[in-house]
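From first to last, the protein sequence lines are chains A and B.
Taking our numbering, the leading residue of the first sequence gets 1, the next gets one more, and so forth.
Taking our numbering, the leading residue of the second sequence gets 1001, the next gets one more, and so forth.
Calculated from the structure, these hints are not laboratory results.
Careful: at least some of the hints might be erroneous.
[Unchecked claim] Subject to a maximum C-alpha distance of 27 Å in a straight line, what follows is the list of computed DSS-like cross-link-like pairs (lysine-lysine):
#, chain 1, residue 1, chain 2, residue 2
1, B, K1096, B, K1144
2, B, K1448, A, K142
3, B, K1195, B, K1217
4, A, K75, B, K1448
5, B, K1144, A, K142
Remember, it's a predicted structure, so these values are computed and weren't measured experimentally.
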Amino acid sequence: MPTPFARMTGLFKTYNLGGATIQALNGVDMDIEAGSFSVIMGPSGSGKSTLLHLLGGLDRPTNGRIEVGAQMLDKLDENALAIYRRKTVGFIFQSFNLLPTMTAVDNVALPMRFARVSRRERHEQALKLLDKVGLADRAYHKPTQLSGGQQQRVAVARSLANDPQLILADEPTGNLDLSSGASIMRLLSELHKSGRTVVVVTHDARMTRYATQTVHIIDGQVVTEAEYEAVLASLDEEMGEEEEEQ
Amino acid sequence: MTFAELLSTVFENLGRRKGRVTLTAMGVVIGTASVVVLVSLGIGLQRSTTEQMGAIGSLTQIQVYPGSGDSGPGMVVMKSAGGGSVSVSNVPSDQKLLTDVALRELAELPGVTAVIPQEYAQGGGMFSFEGLEGWGNTVGIGVKDMSVLGLTAEAGTLELSHGTAVIGHYVPRNFFDPRQRMGQEQPEPPDLLGKQLTQTLEKWTDDGSGGGESTRKMLQFRVVGIIAESGGEYDYSIHIPLADVTAINEWALGRRISRAKEGYSSAIVQVADVNQALDITAQITEMGYQAYTPQQFIQGLNSVFLIIQAVFGGIGAISLLVAAIGIANTMTMAILERTREIGLLKAIGATNQDVLSIFLGEAAGIGFIGGLGGVLIGWLGGQIINVLLMAYMVGQATEGGGPPPSMTIYTPLWLSVFSLVFATLVGLLSGLYPAMRAATLVPVTALKYE
Chain A
1 MPTPFARMTG LFKTYNLGGA TIQALNGVDM DIEAGSFSVI MGPSGSGKST
51 LLHLLGGLDR PTNGRIEVGA QMLDKLDENA LAIYRRKTVG FIFQSFNLLP
101 TMTAVDNVAL PMRFARVSRR ERHEQALKLL DKVGLADRAY HKPTQLSGGQ
151 QQRVAVARSL ANDPQLILAD EPTGNLDLSS GASIMRLLSE LHKSGRTVVV
201 VTHDARMTRY ATQTVHIIDG QVVTEAEYEA VLASLDEEMG EEEEEQ
Chain B
1001 MTFAELLSTV FENLGRRKGR VTLTAMGVVI GTASVVVLVS LGIGLQRSTT
1051 EQMGAIGSLT QIQVYPGSGD SGPGMVVMKS AGGGSVSVSN VPSDQKLLTD
1101 VALRELAELP GVTAVIPQEY AQGGGMFSFE GLEGWGNTVG IGVKDMSVLG
1151 LTAEAGTLEL SHGTAVIGHY VPRNFFDPRQ RMGQEQPEPP DLLGKQLTQT
1201 LEKWTDDGSG GGESTRKMLQ FRVVGIIAES GGEYDYSIHI PLADVTAINE
1251 WALGRRISRA KEGYSSAIVQ VADVNQALDI TAQITEMGYQ AYTPQQFIQG
1301 LNSVFLIIQA VFGGIGAISL LVAAIGIANT MTMAILERTR EIGLLKAIGA
1351 TNQDVLSIFL GEAAGIGFIG GLGGVLIGWL GGQIINVLLM AYMVGQATEG
1401 GGPPPSMTIY TPLWLSVFSL VFATLVGLLS GLYPAMRAAT LVPVTALKYE
């Protein structure tokens, strides 16, 4: 069995929210194979986004280990973690997170600024990436002049700026209409086919069509698909009863 | 990020929020401008005063008087320009006198280029010239060529010989027509070069019983030169050879004067280097003489002006402090507004250092922009005040007939550079706390911030 691209062992994450302790992750073990397309499914509040953030080095686990290649993320200092995010990871967010005052091409080029790529080079590279996501003609538009689907495609292009091995997408289709969402999904699938490891967090079951690996999470724990369906079904039932009561 | 990269990022970011940056920088502009104007005013005051001071005497000259001995200030000879009365004080035996030997001693001090004895004529009376009457000190100068004293001739020569006089720039103005009635215009100051002046000397002979009689004597000088305006005592004096003054004084006292025993009433010690003047003055004082150099006064004055400038600068700095709080406020607000942006920057690989540099850079940028504006406005304001002040003072001067005004606001280059650097530093410091907060945000928290 090949060593996985990323291995998470015994992950715990507790948040302190206004005095109340929230157990976001409750002992998660998970392997991400190199070159895989992993989909993490779970209802909101299940801890799936937290898992993605930990994997992307945006946060640190309360307990547990995260191994990406030779790097132990939980042991890295702030600087090394920033360099990990810069070189190894490309993020795609539900709300795009484009800088509204910058043009599409500048947004795409932004990560290269921190990677010490020359201004000219990163502009050229950004244009290429925009072309790749089919937005070459929108390069000098500001985000507000683009549709939601176009904005997310700019974000996809940006995630590729420093040519990362790992693409992390947090509900990438959550803010999009069906057809835009589908095009983003196809784009992510293409990235996967080009050899990158893609991890998508979603509660949209259609995503699994592209997945090589699907993980279900409920209440901060990995569950089997059967368990997952059972819990969702029971939740539906409860809600149904509530509706009847009303 | 490289420094150039950081700079362009900072100015891009500032350019994104022109309105707020302008308003915040305005505070810095006002602060910097007030620092520049007030300190320039202080410097201007100092400059104009020092210029006038420089006119009081050459900075390379030391006035030396006989030492006071142990019996307090000894008044050797009362000079009296107009009265004609002469008083000689008791000379204490232990007093250091300016005898010829003493002058030679002074001349041997390292750094001294010349020692020139000076003596005021006693019993000096009125001067007359073609019906005009005038007053002036008659000073005997113990040197042949007065240019040794750093003076230049406006007309004629500065070389003294028996029976001639070199007069100060303003001496002709002291001549007036005694027959003139009140309200009548005085004639133009006469051109005295090459002319013969007559001085009437007067002395009072005490007969021992309270009475006495006055004796008069007429003296003639030919004016051979007029000294260019020096701003000092030379401008108002009539200079004749020392021997001529000795003759006058011997007549006034009715006895021979022995320079070896009585010495001269004062001497000018000329030094080679301005920087040595204070040192040599101290040495001469040590030797037991009284020595004065305008530098002593200038030194005291300079410390006063330093205080004035510090107070002025402090007042300006207070407004800069207020501006600094404005920058801190703007940057803190910016961090709240841009929390998600900070989160994103970190997500795409910005280090804490990068974020810190960007926010510090923006704060310093606001300080720099404000400083630049402040220096420009401060300088411009100073120039405008100068023009207005000049116009006012010229008006005053022509009314009062005083000397032309010289007080100006002066902004030296170092002040502009210093103010600009200072404003930038103030911006940098005010951005320190907000920038550190921005840098240490946990990326995921920042990204989730609404």
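Hints, one by one, checked against the model:
{"no.": "1", "hint": "B/K1096 to B/K1144", "result": "holds, 26 Å"}
{"no.": "2", "hint": "B/K1448 to A/K142", "result": "holds, 23 Å"}
{"no.": "3", "hint": "B/K1195 to B/K1217", "result": "holds, 20 Å"}
{"no.": "4", "hint": "A/K75 to B/K1448", "result": "holds, 24 Å"}
{"no.": "5", "hint": "B/K1144 to A/K142", "result": "violated, 88 Å"}
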